[in-house]
Amino acid sequence: MSFRDRHAIPDLGVGVGFRIPHYPRVLESSEPLMDWFEVISENFLVAGGRPLDNLARLADKYRVVPHGVSLAIGSVEPLDAAYLAKLKDLFARLDPPWVSDHLCWARAPGVHIHDLLPLPYTREAIEHVVERVKRVQGTLERPFALENVSSYMTYRESTMSEWDFLAEVAERADCGLLLDCNNVYVSSRNHGFDPVTYIDAVPADRVVQMHLAGHTDKGKYVLDTHSDHVKDEVWDLYRRAVARCGAVSTLVEWDDDIPEWDVLSAEAAKARTMRAELLAAPRRPSLVATAEAG
Amino acid sequence: MATLAEMQAVLAVALRRVSPIADDPELSVHAERIASGNDRLSPVEQVDIYREQFWLRHVDVLRDDFASIEYALGDDAFERLAHAYLEACPSASFTLRDLGEDMARFLATRAPWSTEPFLAELAKVEWAFVDAFDGQNAPPFDPASIAGRSEDEWPGARIVLHPALQRLTLEWPTHDYRIGARKGEEPARPERRACHVVVYRGAELLHCLEIDADAAAMLDELARGTPLGEACERAAAKIGAAAPAGSADRAASSDETSGGGERETPLEVLQGKLAGWFSEWTSLGWIRSVRFDPEGP
Ligand SMILES: [Fe+2]
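If you read the sequences in order, they're chains B and Z.
If you count the first sequence from 1, position 156 lands on 305 in the numbering used here, and the numbers rise without skipping.
If you count the second sequence from 1, position 271 lands on 1468 in the numbering used here, and the numbers rise without skipping.
If you are wondering where the hints come from, they were derived from the structure by calculation, not from laboratory data.
On a predicted model such as this, the values are computed, not experimentally measured, just so you know.
Heads up, a few of these hints could be off.
[Unchecked claim] Far from chain Z, by Cβ distances over 10 Å, these chain B residues were calculated: (1) R168; (2) E191; (3) L194; (4) R199; (5) A208; (6) L289; (7) E317; (8) D323; (9) N339; (10) D349; (11) V351; (12) A418; (13) A425.
[Claimed, not checked] Per the computed footprint, the stretches of chain B lying under chain Z, defined by three or more beta-carbons under 8 Å from a beta-carbon of chain Z, are: (14) 218 to 225; (15) 241 to 252; (16) 267 to 277; (17) 296 to 308.
[As the list claims (entries may be wrong)] Distance windows between CB atoms, simulated: (18) B:A415 - Z:R1346: 58 to 64 Å; (19) B:A415 - Z:F1475: 51 to 57 Å; (20) B:R206 - Z:P1360: 18 to 24 Å; (21) B:P227 - Z:R1346: 40 to 46 Å.
Backbone N, C-alpha and C fix where the C-beta goes; we use that ideal spot for every residue, glycine too.
Start from the sequences, fold in the hints, and give me the full structure.
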């Protein structure tokens, strides 16, 4: 049975991030404007005030899935128990079908770097992350997914590809995956690998969500900026990912130079149409087999 | 062979360097042992991308939270402050929301900024807004909860204030300067003038209101959970110490009930204002409930 089936992970359709410039439009509209919303968990781990009021209003109307940025699953530093307790409390209020954070590290002794730093793809890192994912899942008691990050550096110590690393962590920790197609593309440009090879190697039945976003070409490298439309190359990867993984909840991330709601909404609509066309098309034999087995 | 712990330790140092890693030959060697680089970027350049992002992200958060200090110092000087602050007070929290929590203390104690106490006070006011923004909620005041209480129950009553309310005693009208700076009005540095302010959350926005010394003394006692009767006495003692009864200031601030021969004591002045304060502070949302139970706060 696939990870998605075991955890009854629903297909929520296509959503966007809940961002401040759109609060009035989203919260005051009497019509549903989007299939679902993602929120950054940390923005709502506060004592009270407007953030929590807004979140409650959003959750009254929409399915809300929290997405974390501070877990630092790959850090050597111990997991932050107080942070996990706060997350658990937030999740209890939202009751999301899954929760997620990134396959990265960020905490070091005495400091949180507040970035999504890549890990070396080593046996040691796999052992470390698998153990921690199990503990996080045991604590949160919810389906948990790891997102692949964009990266700008490579480690001398790495002994395998990122996709093999990701797949082994997911299989051994028995967790879900949040497949960010833009991150695959950004890293492929930065490190010179074939992004299609990556997409094809991801354990398809573990993908509970996909991300789409824009990036910025800085000349010598590509930066994951979430400040623009999704680029054509990333749409191509998304098509391939949907063909492999099937009906998976998709989210358009746009966090900087945030456009008018209608622009963002149109980007989500583009993903929705693309997804619907692919899902209506005859499935590839392997996917049919998976669906029947489930 | 470097372990995961060793790699993270080296990178955590490298990413928090203000200047490019290439400027430090020893650190460069460490970075080269960890990163592999590619045909466009050297190992040091790869790590430096993250270092640049670290500073951009952190300085941006401080700019947002302390916009009036950036205005007071100018861009370059603010960036120098941000660098010094982040080196001294790295974020240990899971959230960048807490990043600036030590700024007022840092400015008050670290030269050259400590020579200008106005800056530390600005940071205190800015941070009060951060805390008021997402501090705890409390249910609104329910007038029915005090109906029918007899007069002798009130001295033992505890007034519960909104938990997110911030009370500040300032040496300058820093709060006005902050608002002017944030609105782009280019305010001049104000003259020194003691003021008492309350930063609080309204239904929609954050507000800042200046209050007089009597109200401030009373609010501070209430915030401590002091029962109303004792709060009046303590606040009056504080006011009396600052401006003894019979002084020109005190006489001028008392109302028409002092028209007779005897001047009112600070306690009488304060008691006279109590009903007005109570209705004002409930309507502003500062007072959220009244507890008549005899147990402690
Ligand atoms: Fe993402």
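Structure-based check of each hint:
no.: 1; hint: R168; in the structure: holds (15 Å)
no.: 2; hint: E191; in the structure: violated (5 Å)
no.: 3; hint: L194; in the structure: violated (6 Å)
no.: 4; hint: R199; in the structure: violated (7 Å)
no.: 5; hint: A208; in the structure: holds (16 Å)
no.: 6; hint: L289; in the structure: holds (15 Å)
no.: 7; hint: E317; in the structure: holds (16 Å)
no.: 8; hint: D323; in the structure: holds (22 Å)
no.: 9; hint: N339; in the structure: violated (8 Å)
no.: 10; hint: D349; in the structure: holds (23 Å)
no.: 11; hint: V351; in the structure: holds (23 Å)
no.: 12; hint: A418; in the structure: holds (31 Å)
no.: 13; hint: A425; in the structure: holds (37 Å)
no.: 14; hint: 218 to 225; in the structure: holds (count 4)
no.: 15; hint: 241 to 252; in the structure: violated (count 0)
no.: 16; hint: 267 to 277; in the structure: holds (count 6)
no.: 17; hint: 296 to 308; in the structure: holds (count 7)
no.: 18; hint: B:A415 - Z:R1346: 58 to 64 Å; in the structure: holds (59 Å)
no.: 19; hint: B:A415 - Z:F1475: 51 to 57 Å; in the structure: holds (54 Å)
no.: 20; hint: B:R206 - Z:P1360: 18 to 24 Å; in the structure: holds (21 Å)
no.: 21; hint: B:P227 - Z:R1346: 40 to 46 Å; in the structure: violated (52 Å)
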